[in-house]
Amino acid sequence: MTSTGIRLHAPAPGWSIDADVVVVGSGVAGLTAALRCEAAGLHTVVVTKARLDDGSTRWAQGGIAAALGEGDSPEQHLDDTLVAGAGLCDEQAVRILVTEGPDAVRRLIETGAQFDESDEGGLALTREGGHHRRRIAHAGGDATGAEISRALVEAVRARGMRTVENALVLDLLTDADGRTAGVTLHVMGEGQHDGVGAVHAPAVVLATGGMGQVFSATTNPSVSTGDGVALALRAGAEVSDLEFVQFHPTVLFLGPEAEGQQPLVSEAVRGEGAHLVDADGVRFMVGQHELGELAPRDIVAKGIMRRMQEQGAEHMFLDARHFGAEMWEHRFPTILAACRAHGIDPVHEPIPVAPAAHYASGGVRTDPHGRTTVPGLYACGEVACTGVHGANRLASNSLLEGLVYAERIAADIAAAHADSGLRASVPEPAPCPEVPAHPLQPAEARFTIQRIMSEGAGVLRSADSLTKAADRLQRLHSEARDALTENGKTAEPGVDTWEATNLLCVARVLVAAARLREETRGCHWREDHADRDDTAWRRHIVVRLNPDRSLAVRTTDTADFPPTRPNPPAHRPQEQ
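Just so we're aligned, residue 7 is where the sequence shown starts under this note's numbering, counting upward by one.
Please keep in mind that the hints were generated in silico from the structure rather than gathered at the bench. We put the beta carbon where it would ideally sit given N, CA and C, even for glycine. Heads up, a few of these hints could be off.
Said to hold, decoys possible - Taking CB as the label site, the calculated pair distances span:
| id | residue 1 | residue 2 | range |
| --- | --- | --- | --- |
| 1 | A319 | E296 | 24 to 34 Å |
| 2 | R481 | E97 | 48 to 58 Å |
| 3 | R112 | N493 | 57 to 67 Å |
| 4 | E116 | G20 | 39 to 49 Å |
Model the full structure from these sequences, guided by the hints.
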């Protein structure tokens, strides 16, 4: 692996912390990894962009999927996951998920998470799209993520683990041999330290969540700006499958001009019997798939978009009036409150819904132990591409993936520590370049990027829309590069400009991959290539960043991921 040498324009670190492991992110993946590392005797530091409980996990409504119910099995869970992934799941990765998942959930319960129980005293399990069994455990009706976050945050605080909140991680530090040596970070006003600092550690776990803020409308919180993927790319790591962005079919429609985080209407509402209808009350998903409204999310999103196109409508409706007030108040109190806050009462009227960016199935490429192509750098949760999700994530597999692979990462780091005594040899980072290698985007570029991506790389894509998006993104990239090259000027370093720069980085990669994949598969829908093409495209698209900031794009030979080893041989290389 050759480092790109690219770093964000930022002041030199003015303080540092030494650790065995630094975990970046405080969702289910990050905090699970941190707790397991700490339990193994590793000095662990958690860095998070907001507060410990402010990540994407707390917004998860539906639940966590695992074969915990009577009559269910890991093999059935595997089959449903492979079907949803549309031929691109790594079967070994999925098998790890479904076989280790049930015990991982039980350990989560032992940590303190309290899930809803049935009248008989066992877990109350429900169904969601793509599942043939009731295997979704939930908490607080529709507040599963909030409960998991609460339990993990309490466990971290009870252990007295060192945490750095309100901190945006900037770049990976490496030693003279190119191995991980920690991270640089900026702690915002409320944090323990101001300015830019560093955590020196031989192992870094990226658990930074998603990149939904690359689109104008998303279910993701404002902190989901693709920081982990961008950091990994600058560090020389490979990313894969970034074209597969899952658009959740049922997001509360707040108007055509609405931007930023939008309220999610969980798939569990359909799992309990809600119907998708058009303005005339017609259930348009009936007959389109054997599971109807509970088909995998890509199919439901496409069904909604097709009906909207046919009728010239801005949204469809989710009708659950037949639930009655008591069921709404006890099973879905969070969604009920969100709808009522926007002037909609689902007890008495259908909910207007439309697809919005929800989940990135792709990310930093890892092996079954969460190792990336950069030695010492790990990734788990939504920032990672383990191969579990393939071309489309099965509902409620995300919390389980974060849980299972975080535990595997901690075990791998602990084993490496035992073998080499990492605590005694915190690596010395190589000197940072004095001249910034990567220009910054102005803060206002964030909104420009979001509009470009929503118009050109949203639910519906084509060669024309993607080419226009690529050209507009390249102009933003070139203008900032030329300004730096010609007169040494770049935007003022700060959270807004760093985030905008990260968004542009992941947007360029997403569009490059989406242009290359000339087929429709899973949540990647090409209007000009409407069919799935297993002969040409049952393979992954892998991207890395060149030292000159161009993109090196290649495809794998098969649907299986190659090992995460330094300098994997290129196949069908293309410079973007």
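Going through the hints against the structure:
1. A319 x E296: 24 to 34 Å: Since the Cβ atoms of A319 and E296 sit about 26 Å apart, the hinted range of 24 to 34 Å holds.
2. R481 x E97: 48 to 58 Å: Since R481 and E97 have Cβ atoms about 41 Å apart, the given range 48 to 58 Å is violated.
3. R112 x N493: 57 to 67 Å: 60 Å, holds
4. E116 x G20: 39 to 49 Å: 41 Å Cβ-Cβ, so the 39 to 49 Å window holds.
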